[in-house]
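Undergrad: Sequence:
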Amino acid sequence: MSNRENIKSPVSSRLTVLRSHLSPDSSSSAMASEKEAALAAAPSDAPTIFDKIIKKEIPANVVYEDDKVLAFRDIAPQAPTHILIIPKVRDGLTGLSKAEERHFEILGRLLYTAKLVAKQEGLEDGFRVVINDGPQGCQSVYHVHVHLLGGRQMNWPPG
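So in numbering that gives the first Met the number 0, spot 3 of the sequence shown is number 2, and the numbers just go up one at a time.
Check the hints yourself; a few may be wrong.
Listed next, the in silico DSSO-like pairs over lysine-lysine satisfying Cα-Cα at most 27 Å (straight line) [what the hints assert, rightly or not]:
| no. | residue 1 | residue 2 |
| --- | --- | --- |
| 1 | Lys87 | Lys114 |
| 2 | Lys51 | Lys87 |
| 3 | Lys67 | Lys51 |
| 4 | Lys67 | Lys114 |
| 5 | Lys97 | Lys114 |
Everything labelled a hint here was simulated from the structure, so no lab data went into it.
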């Protein structure tokens, strides 16, 4: 039986994805849950959890904000410092693989913001920037976002 055959209805799957981002999971199944959430997620025009955070409908621990981007702490951190950096306007940019030339500026802004936030967070010894894309890349929210990870020694290969 394939992974796709194990997935429940689209509504049930989407609720699983949203729960995975709203409820911190400290059990050893956290990574499996994230993988399941990624496999259940699908690109959509519907508002994402990030859109709701941008609109202040869902609280977040914001560490940086300007007119183009928002950065906030991940509720299920994978490192002592784990911050998500998102564009405030999705503009069709559900994932990096969907980027077009018109997204050039915002993509650069996301990476530059990662540098600013890393400095603000005291990550002088280094940090990692990750962009998950698509189901096999473990993307569970289809609103392009950068993970800024630091505060510990990273390993290689990453996944």
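Undergrad: Does Lys114 sit within 27 Å of Lys87, going by the straight-line distance between their CA atoms?
TA: holds (18 Å)
Undergrad: Checking one constraint from the list: CA of Lys51 to CA of Lys87, max 27 Å. Satisfied?
TA: holds (10 Å)
Undergrad: Quick one, are Lys67 and Lys114 close enough, alpha carbons at most 27 Å?
TA: holds (15 Å)
Undergrad: Checking one constraint from the list: CA of Lys97 to CA of Lys114, max 27 Å. Satisfied?
TA: Holds: Lys97 and Lys114 sit about 23 Å apart, inside 27 Å.
Undergrad: Given the hinted pair Lys67 and Lys51, is their Cα-Cα distance within 27 Å?
TA: holds (16 Å)
Violated hints are absent here; each numbered hint is respected by the structure.
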